[in-house]
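Single-letter residue listing:
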Amino acid sequence: MQKIMLAHGGGGQEMNDLINGLIFKTFNNEILSQNNDSAILNLSGKLAFSTDSFVVSPIKFAGGDIGKIAVCGTVNDLAMVGAKPKYLSCALIIEEGLDIAELKEILESIKSSADIARVSIVCGDTKVVSKGSCDKIFINTSGVGQIIKEAKVENLKIGAKILLSGDVGRHGAVILASRNELRLQSDLQSDCKPLNSVIEALFKAGIEPFSMRDATRGGLSAVLNEWAKACGYDIKINEENIAVSDEVMGICEMLGFEPYELANEGTFVLAIDPKDEIKALEILREFDSNANTIGEILDSNKGNVIIQNSYGASRFMEPPKGELLPRIC
Amino acid sequence: MDLINSFRDKDKILALSKIIKQRSKKPLNIMEICGGHTHSIMKFGLPQLVGENINFIHGPGCPVCIMPRSRIDEAIAIAGIEGVIFCTLADMMRVPGSKGSLAQLRAGGADIRALYSPLDVISIAQENPDKKVVFFAIGFETTTPMSAVVVEQAINLGLKNLFVHINHVTVPAPVRAIMSDKDVKIDAFLGPSHVSVITGSAIYEELADEFGTPIAVSGFEPLDLMDSILNLVNQHENGTHKVYNEYARVVSNQGNLKAKELINKYLEPCDFEWRGLGVIPMSGMKLRDEFGMLDARKHFNVEVGESKESKACICGEILRGKAKPYDCKVFGKVCNPQNPIGSCMVSGEGACAAYYKYTKRG
Numbered sequence: 001m002q003k004i005m006l007a008h009g010g011g012g013q014e015m016n017d018l019i020n021g022l023i024f025k026t027f028n029n030e031i032l033s034q035n036n037d038s039a040i041l042n043l044s045g046k047l048a049f050s051t052d053s054f055v056v057s058p059i060k061f062a063g064g065d066i067g068k069i070a071v072c073g074t075v076n077d078l079a080m081v082g083a084k085p086k087y088l089s090c091a092l093i094i095e096e097g098l099d100i101a102e103l104k105e106i107l108e109s110i111k112s113s114a115d116i117a118r119v120s121i122v123c124g125d126t127k128v129v130s131k132g133s134c135d136k137i138f139i140n141t142s143g144v145g146q147i148i149k150e151a152k153v154e155n156l157k158i159g160a161k162i163l164l165s166g167d168v169g170r171h172g173a174v175i176l177a178s179r180n181e182l183r184l185q186s187d188l189q190s191d192c193k194p195l196n197s198v199i200e201a202l203f204k205a206g207i208e209p210f211s212m213r214d215a216t217r218g219g220l221s222a223v224l225n226e227w228a229k230a231c232g233y234d235i236k237i238n239e240e241n242i243a244v245s246d247e248v249m250g251i252c253e254m255l256g257f258e259p260y261e262l263a264n265e266g267t268f269v270l271a272i273d274p275k276d277e278i279k280a281l282e283i284l285r286e287f288d289s290n291a292n293t294i295g296e297i298l299d300s301n302k303g304n305v306i307i308q309n310s311y312g313a314s315r316f317m318e319p320p321k322g323e324l325l326p327r328i329c
Numbered sequence: 001m002d003l004i005n006s007f008r009d010k011d012k013i014l015a016l017s018k019i020i021k022q023r024s025k026k027p028l029n030i031m032e033i034c035g036g037h038t039h040s041i042m043k044f045g046l047p048q049l050v051g052e053n054i055n056f057i058h059g060p061g062c063p064v065c066i067m068p069r070s071r072i073d074e075a076i077a078i079a080g081i082e083g084v085i086f087c088t089l090a091d092m093m094r095v096p097g098s099k100g101s102l103a104q105l106r107a108g109g110a111d112i113r114a115l116y117s118p119l120d121v122i123s124i125a126q127e128n129p130d131k132k133v134v135f136f137a138i139g140f141e142t143t144t145p146m147s148a149v150v151v152e153q154a155i156n157l158g159l160k161n162l163f164v165h166i167n168h169v170t171v172p173a174p175v176r177a178i179m180s181d182k183d184v185k186i187d188a189f190l191g192p193s194h195v196s197v198i199t200g201s202a203i204y205e206e207l208a209d210e211f212g213t214p215i216a217v218s219g220f221e222p223l224d225l226m227d228s229i230l231n232l233v234n235q236h237e238n239g240t241h242k243v244y245n246e247y248a249r250v251v252s253n254q255g256n257l258k259a260k261e262l263i264n265k266y267l268e269p270c271d272f273e274w275r276g277l278g279v280i281p282m283s284g285m286k287l288r289d290e291f292g293m294l295d296a297r298k299h300f301n302v303e304v305g306e307s308k309e310s311k312a313c314i315c316g317e318i319l320r321g322k323a324k325p326y327d328c329k330v331f332g333k334v335c336n337p338q339n340p341i342g343s344c345m346v347s348g349e350g351a352c353a354a355y356y357k358y359t360k361r362g
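Residue numbers (full-length UniProt numbering), protein chains in the order written: chain A, 1 to 329; chain B, 1 to 362.
Be aware that one or more of the hints could be misleading.
[What the hints assert, rightly or not] So the derived label-pair ranges between C-beta atoms look like this: (1) A/S33 - B/I4: 52 to 58 Å; (2) B/R288 - A/M249: 20 to 26 Å; (3) A/K321 - B/L119: 42 to 48 Å; (4) B/K12 - A/Q189: 31 to 37 Å; (5) A/K302 - B/I4: 29 to 35 Å; (6) B/Q153 - A/K127: 58 to 64 Å; (7) B/R23 - A/M249: 29 to 35 Å; (8) B/K258 - A/K127: 16 to 22 Å; (9) A/E154 - B/E317: 42 to 48 Å.
[What the hints assert, rightly or not] Here are a few chain B residues that face chain A, going by a calculated C-beta distance under 8 Å: (10) F7; (11) G45; (12) V334; (13) Q338; (14) N339; (15) G348; (16) Y358.
I should point out that these hints are in silico values taken from the structure, not numbers from a laboratory. In this text the structure is predicted, and so the values were computed from the model without any measurement. All residues carry an ideal CB built from backbone N, CA and C; glycine is no exception.
Whenever a hint applies, use it, and build me the whole structure from the sequences.
This is the structure:
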């Protein structure tokens, strides 16, 4: 089996063969094939620009892989500020010894995810590092998009309804379950997917969310706490309205985690005007039946997130802290 | 049967809430021995459902919280030795010793691993024959059998590079120590559930008689806890002090006899220093002398000097049931989950961590 060698990053024939024979061939588009030092783009108006690095382990998991997540992550960051994602860069840091067949699979996953999200990969970079310097492959993607309707944290206001686009914790739970030390058997799939289509559908229906945020690392809890801190008002959440799959709940209960703190890669939170709530929910549910209104911003300026359970008892939903460690007993 | 949602049934919880409030006439101080119960009580907001007469007091049942700084200092000293792979369970990584935590030592380059299962040390030892692998074993009766299995497997496989640092403790001893303190006012106990799976519920009968306090061995789910609280309220109002096994779906009267046999084969009781409670005779476990070749304390024989607790921290008072987390001056300020001063703030099962996470002010 052919493997990546340091020579594939050395700037010589092997590197050219890898880039032209595999990477360019997979990502093929007009801008990339011009092969300039920099991609020349046709953009106008207000733009969004975002970057993210992906170091997920294992690199393949139920419902996705590092390539899919590298595209979805940046596409979703652009979509969350109300932009239509257009172009992505893709930088690969590859560990010596990676099977070329495995790299090919990742590149194809990047390509198919980019096609679904309707973005082009227009520039990139490839580095090969010696064995042990990285974990198989790290990917950085940057992206630009055209702003359609600007959604910003500063728009958050008292009375805004908080909606959630799907169930929570699936990506984090899948990664936990697939790690060698746990060896859990599960049919659970990551929620990893691009979110630009659902955002565009909301805009098309005339809905302009005050703010949106994909609930990635730190999960729902991190997003809500960032919002509460940013706007200075309390956010009240109704726990009964947050969808959590039985599998995610089972993993959380076993290890002592909160599903609200686990990562998502295709689920987002939006704050909207109460008059748009019903219409927005209708659209969100066309994409995911678990979408729901989960709470609202209160006229109380302490900046806490308060979660009320079905028994009527309330507690704080604290932001996640430190590394996720399982309970002892 | 749905093992999660069935025990979180809204209608049943609210019905129990109503009955508990109706029947609870006298003030009732309930100590939850187990940190997992503290966590559940705060997570599900149970103090809001049981009425003002019931006061929950956190007990000494979190294995991380009760660990004295001297043992953590020993762990850090051993983990810092060249050629050692030091393995422990989760939260132990973050507990501050006199000179930092295991997590800080790991960031400095030491090979320290947080395990999901104690048995992982067996494969780590097999895969690293040129290294000395140390398992820092902690916990109450719940986790002790797994450590006994590690010892048994190490012996059966003839592993010469695996050592265990035993820090196991038992439940009845600290309960007796707390109840012997005249300043402590506890009327009833929630008995630990996972511990009782191993020990059986019968071990609490002597305690209930000795101190005249009812004990309910309870599961962790809100319905388990509400049912147990109702039983304790009823007993308190009626003046009885029986052991009630609410968690009978997994806890038997005599417990797991095979596990107990395994523990007795490899371990024996010893005196143990508890954080905040001092040395309690025969409250801990150690390796039997014939298995001393596996004992990390004997093999490495590290000297750590005097280990002092932080003066500002009142973890000791909290573990004795004399103070609540928010009685501590540093709680939520200098001491928080990102910068724990005391061990009660470190573990997810610790009283301070649970109070901070769910209520901040209690």
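Hints versus structure:
Restraint check, A/S33 to B/I4: a C-beta distance of roughly 54 Å satisfies the suggested window 52 to 58 Å. Between B/R288 and A/M249 the beta carbon distance is about 42 Å. The supplied range of 20 to 26 Å is therefore violated. About 29 Å separates the C-beta atoms of A/K321 and B/L119, a value inconsistent with the hinted range of 42 to 48 Å. Restraint check, B/K12 to A/Q189: a C-beta distance of roughly 33 Å satisfies the suggested window 31 to 37 Å.
Taking 29 to 35 Å as the suggested C-beta distance range, the pair A/K302 and B/I4 conforms, at roughly 32 Å. The given range of 58 to 64 Å is broken by B/Q153 and A/K127, whose C-beta atoms sit roughly 43 Å from each other. Evaluation of the 29 to 35 Å hint for B/R23 and A/M249 yields a pass: the beta carbon distance comes to about 32 Å. Between B/K258 and A/K127 the CB atoms are about 55 Å apart, so this pair departs from the stated range of 16 to 22 Å.
Remark: the range hint 42 to 48 Å for A/E154 to B/E317 is upheld by a beta-carbon distance near 45 Å. Below 8 Å, beta-carbon pairs count as interface contacts, and B/F7 has none with chain A, the closest being about 10 Å; its hint is therefore violated. The beta carbon of B/G45 is positioned within 8 Å of a beta carbon in chain A (closest approach about 3 Å), and the interface hint is therefore held. Among the interface hints, the one on B/V334 is violated; its C-beta lies about 15 Å from the nearest C-beta in chain A, farther than the 8 Å criterion.
At its closest, the beta carbon of B/Q338 sits 5 Å from a beta carbon of chain A; the interface hint therefore holds under the 8 Å criterion. Interface restraint check for B/N339: the shortest CB-CB distance to chain A comes to about 10 Å, outside 8 Å, so the restraint is violated. Using the Cβ-Cβ criterion of 8 Å, the hint placing B/G348 at the interface with chain A is satisfied: the shortest such distance is roughly 6 Å. A distance limit of 8 Å between C-beta atoms decides the matter here; for B/Y358 the minimum to chain A is near 4 Å, and the interface restraint holds.
Checked against the numbered hints listed earlier, the structure breaks hints 2, 3, 6, 8, 10, 12 and 14; every other hint is satisfied.
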